[in-house]
Amino acid sequence: MKVSKEARHVARSLYRDSLTDGRLDENKVRTIVSGLAAAKPRELIPILKTYERLVRLEIERNTARVESAAALDGAMQQQITAQLQQIYRRPIAAEFGVNPELIGGVRVRVGSDVWDGSVANRLRELGAAL
Amino acid sequence: MANILQEIEQQIAGAKRGVAKQNVGTVREIGDGVAKIEGLTDAMLNEMIDFGNDIYGIALNLEETEVGAIILGEYTHIKEGQECRTTGRLLSVPVGKGLLGRVVNAIGQPLDGKGPIQSDTFYPVEKIAPGIIKRRSVSQPVQTGIMAVDAMIPIGRGQRELIIGDRSTGKTTIGIDTIINQARMNRAAEQAGDKSYRPLYCIYVAIGQKQSNIVRVINVLEEQGAMPYTIVVAASAADTATNQYLAPFAGAAMGEWFMDNGMDALIIFDDLSKHAVAYRQVSLVLRRPSGREAYPGDVFYLHSRLLERSARLSEKAGNGSLTALPIIETQLGDVSAYIPTNVISITDGQIYLETDLFYQGIRPAISVGLSVSRVGSAAQVKAMKQVAGRIKGELAQFRELAAFAQFGSDLDAKTQAQLERGKRIVEVFKQPQYNPVPVEVQVGVLWAVQNGFFDDVSVDKLKDCQARMTDYLTSRKSDLMAKILKEKALNDALIAELKAAVTEFKQTYR
Numbered sequence: 001m002k003v004s005k006e007a008r009h010v011a012r013s014l015y016r017d018s019l020t021d022g023r024l025d026e027n028k029v030r031t032i033v034s035g036l037a038a039a040k041p042r043e044l045i046p047i048l049k050t051y052e053r054l055v056r057l058e059i060e061r062n063t064a065r066v067e068s069a070a071a072l073d074g075a076m077q078q079q080i081t082a083q084l085q086q087i088y089r090r091p092i093a094a095e096f097g098v099n100p101e102l103i104g105g106v107r108v109r110v111g112s113d114v115w116d117g118s119v120a121n122r123l124r125e126l127g128a129a130l
Numbered sequence: 001m002a003n004i005l006q007e008i009e010q011q012i013a014g015a016k017r018g019v020a021k022q023n024v025g026t027v028r029e030i031g032d033g034v035a036k037i038e039g040l041t042d043a044m045l046n047e048m049i050d051f052g053n054d055i056y057g058i059a060l061n062l063e064e065t066e067v068g069a070i071i072l073g074e075y076t077h078i079k080e081g082q083e084c085r086t087t088g089r090l091l092s093v094p095v096g097k098g099l100l101g102r103v104v105n106a107i108g109q110p111l112d113g114k115g116p117i118q119s120d121t122f123y124p125v126e127k128i129a130p131g132i133i134k135r136r137s138v139s140q141p142v143q144t145g146i147m148a149v150d151a152m153i154p155i156g157r158g159q160r161e162l163i164i165g166d167r168s169t170g171k172t173t174i175g176i177d178t179i180i181n182q183a184r185m186n187r188a189a190e191q192a193g194d195k196s197y198r199p200l201y202c203i204y205v206a207i208g209q210k211q212s213n214i215v216r217v218i219n220v221l222e223e224q225g226a227m228p229y230t231i232v233v234a235a236s237a238a239d240t241a242t243n244q245y246l247a248p249f250a251g252a253a254m255g256e257w258f259m260d261n262g263m264d265a266l267i268i269f270d271d272l273s274k275h276a277v278a279y280r281q282v283s284l285v286l287r288r289p290s291g292r293e294a295y296p297g298d299v300f301y302l303h304s305r306l307l308e309r310s311a312r313l314s315e316k317a318g319n320g321s322l323t324a325l326p327i328i329e330t331q332l333g334d335v336s337a338y339i340p341t342n343v344i345s346i347t348d349g350q351i352y353l354e355t356d357l358f359y360q361g362i363r364p365a366i367s368v369g370l371s372v373s374r375v376g377s378a379a380q381v382k383a384m385k386q387v388a389g390r391i392k393g394e395l396a397q398f399r400e401l402a403a404f405a406q407f408g409s410d411l412d413a414k415t416q417a418q419l420e421r422g423k424r425i426v427e428v429f430k431q432p433q434y435n436p437v438p439v440e441v442q443v444g445v446l447w448a449v450q451n452g453f454f455d456d457v458s459v460d461k462l463k464d465c466q467a468r469m470t471d472y473l474t475s476r477k478s479d480l481m482a483k484i485l486k487e488k489a490l491n492d493a494l495i496a497e498l499k500a501a502v503t504e505f506k507q508t509y510r
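Those protein sequences? They're chains A and B, same order as listed.
Its first residue numbered 1, the first sequence is counted upward by one per residue in the working numbering.
Its first residue numbered 1, the second sequence is counted upward by one per residue in the working numbering.
In short, the hints are calculated from the structure, not lab data.
One or more hints might be untrue.
[Said to hold, decoys possible] Under the rule of at most 25 angstroms between Cα atoms (straight-line distance), these lysine-lysine pairs were calculated in the DSS-like manner: (1) A/K49 - B/K79; (2) A/K28 - A/K5; (3) A/K40 - A/K2; (4) B/K392 - B/K461; (5) B/K316 - B/K127; (6) A/K2 - B/K79; (7) B/K463 - B/K499; (8) B/K463 - B/K430; (9) B/K488 - B/K385; (10) B/K486 - B/K499; (11) B/K36 - A/K2; (12) A/K49 - B/K36; (13) A/K5 - B/K36; (14) B/K499 - B/K488; (15) B/K430 - B/K392.
[What the hints assert, rightly or not] Chain A stretches covered by chain B per the calculated footprint, using a threshold of three residues with CB under 8 angstroms from any CB of chain B: (16) 14-28; (17) 50-61.
[Said to hold, decoys possible] Far from chain A, some chain B residues (derived; all Cβ distances over 10 angstroms): (18) L5; (19) V24; (20) T41; (21) Q191; (22) A403; (23) V426.
Even glycine gets a Cβ: it sits at the ideal position worked out from N, Cα and C.
Chain A on its own, in the form it takes in the complex:
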């Protein structure tokens, strides 16, 4: 979908208004979305889509998706979360999931950063090296 320059500009300024001390404020986001829906400005859908994208990227930036071949126990989960917060020096929410395709090991994604310690990735690297 084509998004006009104005719509992008509005979405970006709304996104800036949704931050409190540099972090996304859920209450502000809700207020902004409901306010937008009520006001129905021109190009409502492009504005909302662009805004949603900016919010999604910010959430992804502060969320770690941890995949492992088998479910991790509580202690391991805590250890991973603590280490990620140490690396990024900001609160990182962790979501844990199970992905049998990894064969073994853990894959962590925070925004566009990936630590892939899975067996599947090592096998792929080995295959490429050979």
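Starting from the known structure of chain A, arrange chain B on it as the hints suggest.
Just chain B now, kept in the frame of chain A:
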């Protein structure tokens, strides 16, 4: 101390086992050889992006939430939602002498079916040109073997001389002739064991041309034995705009290797008009703002940064050089169009080819009035300076007088003589393609013209007389020619010998 070493070794062992951080993105949009990628927050400008399956892209647009990348090679295998990652590398091409005699594409992969390229050195495609301190002024000649160029528009090693003209006026031929002449001179020096001669290696970059034309050029170079000293970089009209945009930069990187290693190289960009068109396509698909004629705002910088890379390096920096002969195709002789004016202002002079001259049979169709070399006679051997110093002026005078003489028939004897001399000079400079003339023969012939030895030969017989004289000088007076080549200047003794030789020839010629 031993403890410290152990600690370092432990760290190394830990690093080997550890998992490295990667920066990934997701393809959001793909089409026309350009991908829009979400993520890739650490991507650098011009960094290679790995799409997997040996498909790479180059990050050209770094925006707030996405990255625009151009894809090298087949982009149809990339799907929306696919993951890609940064590599931390810039696009590099193989360089070195292993490329001589080969035909490669824009990323240095062989196209000629002669097996893999034998090279372990790689140079980045985009590189900052040598700075002021590393340079020195141009003083050594590039002998093109084309009499009109060597005598009137001399090209020096490290110079950038534009070849400009309409379609089919012989632009490529000038480049090919130059390559052939370098190959002949390189081979002659090799055979004679001349260590003082600096061979000039050539790189021919074909951008957006028909594949049949590229094959024809390669065949000519092979027939003339020039391929062993030449690299051909081909990005034909069938290649993607990305490859056409990258080809001249890849060629320049290959040339820079010769320059950095104290050797001399010559690069021909055939042609930069099509290069600008390919870059325009890439920029428009990347949604960069367009300017005049829809070219992006940085089309001047595109060519200036490319041509700035040719230079003559100082003794301290290795004494190498890279000479560039960019080619520009004009439309109906319009040199004031956007891209031609840009490249004219970047280069150190231009060889302007005219359609009218071409169809009058004056080939190479060089317009002497509009062609210029800003390096001038600094890039000529002394002997050539001695014989060709006044020729450009005489030819210009002849053109003026010829235009004036059309209005009246009564001309004084001096004007008549000037006209007759001019006609003969024009005739002498006609030259068939792929037939470069050695510099010592050029000196001999031009000396004869200057000293009136051709004045009594009728204009229609002049080419025949010149051919026989060339034959006579190269076969019967080869010692004299060798002396001129060695001395590089005409002293009194040589002039006397030359005079005797030409007089002797004139007695036998009828």
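message: Can you confirm whether the C-alpha distance between B/K316 and B/K127 stays at or below 25 angstroms?
response: It holds: about 20 angstroms lies between the C-alpha atoms, which stays within 25 angstroms.
message: So if I understand the rule, the pair passes when the alpha-carbon distance is 25 angstroms or less; does B/K430 with B/K392 pass?
response: holds (15 angstroms)
task: Hey, is B/L5 genuinely clear of chain A, shortest beta carbon separation above 10 angstroms?
output: It holds; B/L5 is separated from chain A by about 28 angstroms at its closest Cβ, greater than 10 angstroms.
- prompt: Keeping to a limit of 25 angstroms between CA atoms, is the pair of A/K49 and B/K79 held or broken?
  reply: Between A/K49 and B/K79 the Cα gap is close to 22 angstroms, so the pair holds against 25 angstroms.
query: Given the hint that A/K49 pairs with B/K36, does the C-alpha gap stay at or below 25 angstroms?
result: holds (17 angstroms)
message: Over 10 angstroms from every CB of chain A: does B/V426 meet that, or does the non-interface label fail?
response: Answer for B/V426: holds, closest chain A Cβ roughly 60 angstroms.
task: Quick one: see if chain B covers the segment 14-28 of chain A, three-plus residues with Cβ-Cβ under 8 angstroms.
output: Per the Cβ count (0), the hint is violated.
query: Does A/K40 pair with A/K2 here, judged by a C-alpha cut-off of 25 angstroms?
result: holds (19 angstroms)
Restraint status (C-alpha distance of B/K36 to A/K2 at most 25 angstroms): holds (14 angstroms)
- prompt: Can we confirm that no CB of chain A comes within 10 angstroms of the CB of B/A403?
  reply: holds (57 angstroms)
message: Against the 25 angstroms threshold, does the CA-CA distance of B/K463 and B/K430 hold or violate the hint?
response: holds (8 angstroms)
B/V24 remote from chain A - nearest C-beta pair above 10 angstroms: Given that some Cβ of chain A is not farther than 10 angstroms from that of B/V24, nearest at about 5 angstroms, it is violated.
The structure does not agree with the numbered hints 16, 19, 20 stated previously, though it agrees with the rest.
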